[in-house]
Amino acid sequence: MIISVVFLTIGSAISKRKKEDSEKFKSLFVWTLISIILILIAIPWPFSPFAHRPYIREF
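Here our numbering runs 25 ahead of the position in the sequence shown, where the first position is 1.
Rather than coming from a laboratory, the hints here were simulated on the basis of the structure. You can trust all of the hints, since none of them are fake.
Label pairs and their in silico Cβ distance ranges:
no., residue 1, residue 2, range
1, PHE75, VAL30, 18 to 24 angstroms
2, SER73, ALA38, 31 to 37 angstroms
3, ARG82, LYS43, 45 to 51 angstroms
Just so you know, even glycine gets a beta-carbon here, dropped at the ideal spot from N, CA and C.
Please build the complete structure, drawing on both the sequences and the hints.
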């Protein structure tokens, strides 16, 4: 998830350098979308085939 924060920071810095507002918002949208996708990939979902974790752990 730290990588997604880095991507968001890079995207914010890049979007500030754009001249037109539409380019700024489009660039920021793409970088934010990449960041959100990375966050969702990092969450160990119980229905994911890569991480078999139950909702509630039994001790």
